[in-house]
Amino acid sequence: MFKVEADLTVTIPSSTELLKMVVELTRHAVEILEFPDKEVQQIALAVDEAITNVIKHSYRYEKGRDIRIEFFIAATGLKIRIIYAGIAPEMDPEAVSVERLIKQKRKGGLGVQLMRKIMDSVEYSSSNGLNICEMIKWKKRETVG
Amino acid sequence: MFKVEADLTVTIPSSTELLKMVVELTRHAVEILEFPDKEVQQIALAVDEAITNVIKHSYRYEKGRDIRIEFFIAATGLKIRIIYAGIAPEMDPEAVSVERLIKQKRKGGLGVQLMRKIMDSVEYSSSNGLNICEMIKWKKRETVG
Amino acid sequence: MKHFQLRSRIQDQVAVIYPKGHLDAHHVERFEQEIRRIMENRVMRIVINCENLDYISSAGMGVIMGYLDEIREKMGDIKLCCVNNQVYDIFDLVGFTDIYDFLKDENTAIRAFA
Amino acid sequence: MKHFQLRSRIQDQVAVIYPKGHLDAHHVERFEQEIRRIMENRVMRIVINCENLDYISSAGMGVIMGYLDEIREKMGDIKLCCVNNQVYDIFDLVGFTDIYDFLKDENTAIRAFA
Ligand SMILES: Nc1ncnc2c1ncn2[C@@H]1O[C@H](COP(=O)(O)OP(=O)(O)O)[C@@H](O)[C@H]1O
Ligand SMILES: Nc1ncnc2c1ncn2[C@@H]1O[C@H](COP(=O)(O)OP(=O)(O)O)[C@@H](O)[C@H]1O
Numbered sequence: 001m002f003k004v005e006a007d008l009t010v011t012i013p014s015s016t017e018l019l020k021m022v023v024e025l026t027r028h029a030v031e032i033l034e035f036p037d038k039e040v041q042q043i044a045l046a047v048d049e050a051i052t053n054v055i056k057h058s059y060r061y062e063k064g065r066d067i068r069i070e071f072f073i074a075a076t077g078l079k080i081r082i083i084y085a086g087i088a089p090e091m092d093p094e095a096v097s098v099e100r101l102i103k104q105k106r107k108g109g110l111g112v113q114l115m116r117k118i119m120d121s122v123e124y125s126s127s128n129g130l131n132i133c134e135m136i137k138w139k140k141r142e143t144v145g
Numbered sequence: 001m002f003k004v005e006a007d008l009t010v011t012i013p014s015s016t017e018l019l020k021m022v023v024e025l026t027r028h029a030v031e032i033l034e035f036p037d038k039e040v041q042q043i044a045l046a047v048d049e050a051i052t053n054v055i056k057h058s059y060r061y062e063k064g065r066d067i068r069i070e071f072f073i074a075a076t077g078l079k080i081r082i083i084y085a086g087i088a089p090e091m092d093p094e095a096v097s098v099e100r101l102i103k104q105k106r107k108g109g110l111g112v113q114l115m116r117k118i119m120d121s122v123e124y125s126s127s128n129g130l131n132i133c134e135m136i137k138w139k140k141r142e143t144v145g
Numbered sequence: 001m002k003h004f005q006l007r008s009r010i011q012d013q014v015a016v017i018y019p020k021g022h023l024d025a026h027h028v029e030r031f032e033q034e035i036r037r038i039m040e041n042r043v044m045r046i047v048i049n050c051e052n053l054d055y056i057s058s059a060g061m062g063v064i065m066g067y068l069d070e071i072r073e074k075m076g077d078i079k080l081c082c083v084n085n086q087v088y089d090i091f092d093l094v095g096f097t098d099i100y101d102f103l104k105d106e107n108t109a110i111r112a113f114a
Numbered sequence: 001m002k003h004f005q006l007r008s009r010i011q012d013q014v015a016v017i018y019p020k021g022h023l024d025a026h027h028v029e030r031f032e033q034e035i036r037r038i039m040e041n042r043v044m045r046i047v048i049n050c051e052n053l054d055y056i057s058s059a060g061m062g063v064i065m066g067y068l069d070e071i072r073e074k075m076g077d078i079k080l081c082c083v084n085n086q087v088y089d090i091f092d093l094v095g096f097t098d099i100y101d102f103l104k105d106e107n108t109a110i111r112a113f114a
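Residue numbers (the working numbering), protein chains in the order written: chain C, 1 to 145; chain F, 1 to 145; chain Z, 1 to 114; chain U, 1 to 114.
Quick caveat, the hints were computed from the structure, so don't treat them as lab data.
Please read all numbers here as calculations on a predicted model, not as lab measurements.
Here are a few chain C residues that face chain F, going by a calculated C-beta distance under 10 Å:
#, residue
1, Asp7
2, Leu8
3, Val10
4, Thr11
5, Ile12
6, Lys20
7, Leu25
8, His28
9, Ala29
10, Glu31
11, Ile32
12, Arg68
In this text, a Cβ means the ideal position worked out from N, Cα and C, and glycines have one as well.
Extracted from the complex, chain C is given alone in its bound form (with noise of 0.2 Å):
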């Protein structure tokens, strides 16, 4: 399905400024995929979410450390792969619903649920040091070819 290697890869420092540039450098590639428009937003969207957890949650806001992400594409989906050292996450955090969200006055809680919703598989793995997080987003029948 995909390739071993990547069709395009882009290493970027942890800082928050860059995520707008990811975003957009997602939906270009996405575009080059005939994706629907709502889903080239969508999937961009997952990758800022993916992003802003790993310098939040892995990095804890250090800056200059680095984030690699790799697109895979081919032509019945996307996959991405997003490479980054720094604590690992927790597996499967269990989905909190809005409404107890905002019960606990919590302002996040959201993140790697949206990834759920809009990507057809998010998966997190660790090993020697570094975490992996791998998306896949498939080509729905109707909008192949």
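Once you've looked at the hints, dock chains F, Z and U with the ligands against the given chain C.
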């Protein structure tokens, strides 16, 4: 001045389809340095020209070859390094005036001239089958800070 | 070029906030400060006019979420208006559309408090 | 989303081309085909209305350059109009502003042929 490692790295396959993505990515990266808007646009154009030449002359429009773009961001300016394989560029092709190009019915010959007009320095080098195009733009006094 | 801008005003004891552009984790502090400043002035009726909001990530939505409980306890509310389709779809994905009132235009949103 | 679009029309024996968006090496073929199609129809008076042209690289400028000699030999010309400041600066950098007429609006450009 510039760090040894790039602040931002992008590796793309040789496809003119991705030129616009690179242009917008460059705009974003350069905006962070607070260059004046006009210079932001023009630096992005210089990168377009450099990459277009790589795809056209070094890779002869062959798709899927790697082009690596490194951004080095410093308070005093910006260095952009483009690393690629394929046919090594001729060293310092002479600038031909637009008048001459028109008389010769040429549809090209402006790219490197534009790069040199926009950037403060443009240097090509090759070794071991790898080619490098390195461009520097300094921040003007009045725009620093 | 500013990617995110913010202004607000008060009309009929309702604070109207106008976020503009791209609201992500980088710009969220500015947005949160504004909501808090309004609440510190004891205004608990807030309309977020999203007419010029092109993009919002969960960082921005977190702010809209985090103060809602306190605001509603104090008999206020947060209402949203003029949300474009793309941004609306995102609010819908996370379930905001069940919890907040989304109004077509600003006047309707302000009058909804009366 | 189409990054580059092109249409053209003929008025008073002048062809007016409307490039729109981002004209780079990826889209230049479409632009070149249009110029050649116009010339094959023996129209040698061409106005390029750049009102909606956001971006042009040397690939696009090459097309404007490559046919000028033939067009002028055949008593025609290429004139540009409605160029925004950023694009004008680029045309100026390469020296186009010494060689081509740049007009404020389309009518003036068309009438400049009369
Ligand atoms: N890259 C990451 N590294 C470490 N922990 C993470 C990472 N991404 C998510 N998490 C964990 O998952 C939780 C849920 O993430 P999210 O839904 O984005 O909410 P928020 O970041 O707003 O708390 C986080 O609070 C954090 O504990
Ligand atoms: N990356 C490159 N690899 C090989 N040759 C190059 C490269 N860049 C530029 N050149 C050479 O320099 C010449 C001038 O380039 P340019 O000014 O962009 O004009 P054009 O590409 O339109 O011919 C090219 O014709 C080519 O011979």
